[in-house]
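First residue of the sequence shown: 20, per this note's numbering; consecutive thereafter.
Treat the hints as calculated values from the structure; they're not laboratory data. Please note that the accuracy of each hint is not assured.
What follows is a list of derived Cβ distance ranges for each label pair [to be verified]:
1. Pro133 x Ser45: 17 to 25 Å
2. Gly167 x Thr71: 48 to 56 Å
3. Ser109 x Ser86: 29 to 37 Å
4. Asp185 x Glu70: 21 to 29 Å
5. Trp47 x Leu238: 17 to 25 Å
6. Phe170 x Asp56: 29 to 37 Å
7. Glu100 x Asp139: 30 to 38 Å
8. Phe191 x Trp168: 51 to 59 Å
9. Glu42 x Pro128: 35 to 43 Å
10. Leu238 x Ser82: 53 to 61 Å
The structure displayed is predicted, hence computed values, not measured ones. A virtual CB, placed ideally from N, CA and C, is assigned to each residue, including glycine.
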Amino acid sequence: MIRSIATILAVFVTSVALASGSEGDSWWIDVSTSGEDIYWQSPSSVRVDGETYVSTFTIQSVSVNVSYLGIDFGPFDVTGEIDPADLVQSGEGEGPCPVNFGTASIIEPPPPDPVTFAFDLTMELNADGNAICRVENIMLGTATYDLGWPFGEVTVQLEEVFFSGDLEVEVFGSYCAADLDGNGSVGVDDLLAVIADWGCSDCSTDIDGDGSVGVNDLLAIISGWGSCP
20 MIRSIATILA VFVTSVALAS GSEGDSWWID VSTSGEDIYW QSPSSVRVDG ETYVSTFTIQ
80 SVSVNVSYLG IDFGPFDVTG EIDPADLVQS GEGEGPCPVN FGTASIIEPP PPDPVTFAFD
140 LTMELNADGN AICRVENIML GTATYDLGWP FGEVTVQLEE VFFSGDLEVE VFGSYCAADL
200 DGNGSVGVDD LLAVIADWGC SDCSTDIDGD GSVGVNDLLA IISGWGSCP
């Protein structure tokens, strides 16, 4: 089937829009704090027009510097002393960007034991699709630790915490999938694109993802007609 110039332009614009930002990405986070808040932003971005976003932050390593009698010690790896459930923080949010995946409060050890360290971890995506990690309300307390000879097991004060891990963000669908040309609304050009690709088994105009451009995709255009939300 011969495509009209308008349809060819629509498909071209669609491919450009989909190329802006990735379907998902992952980053290595390596930060430390002696009590001050942490703000981290990813160097790259994901696609901003997703329908659903899923983030997973897997903490790989936690270590601390401590002090005793005014003497600094460390860093000591304490990853194995943290509840494994706290080492993986995941969240889901509805698109488009910006997206807030929520805040997790981490306290080690769990109450009612005295706090060794605690913080609130917030994961977000900004309007440009960059991942944001915020670590706030940080509390550095005390812990019992074996410093070896000549001190042995004593109560030490945490002075600094280092943690690192992998952050992964996945993007699913599009909050306005029927907007095939990416102009912010569903209209005539999107309708023409579906008609031109009718029966196609591997086309971006397959809105419902059933493997073929057909009636359901046409109905998606009609039901989504007008400006995207």
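Provide an ascending list of the numbers of those earlier hints which the structure does not satisfy. Structure breaks hints 1, 5, 7.
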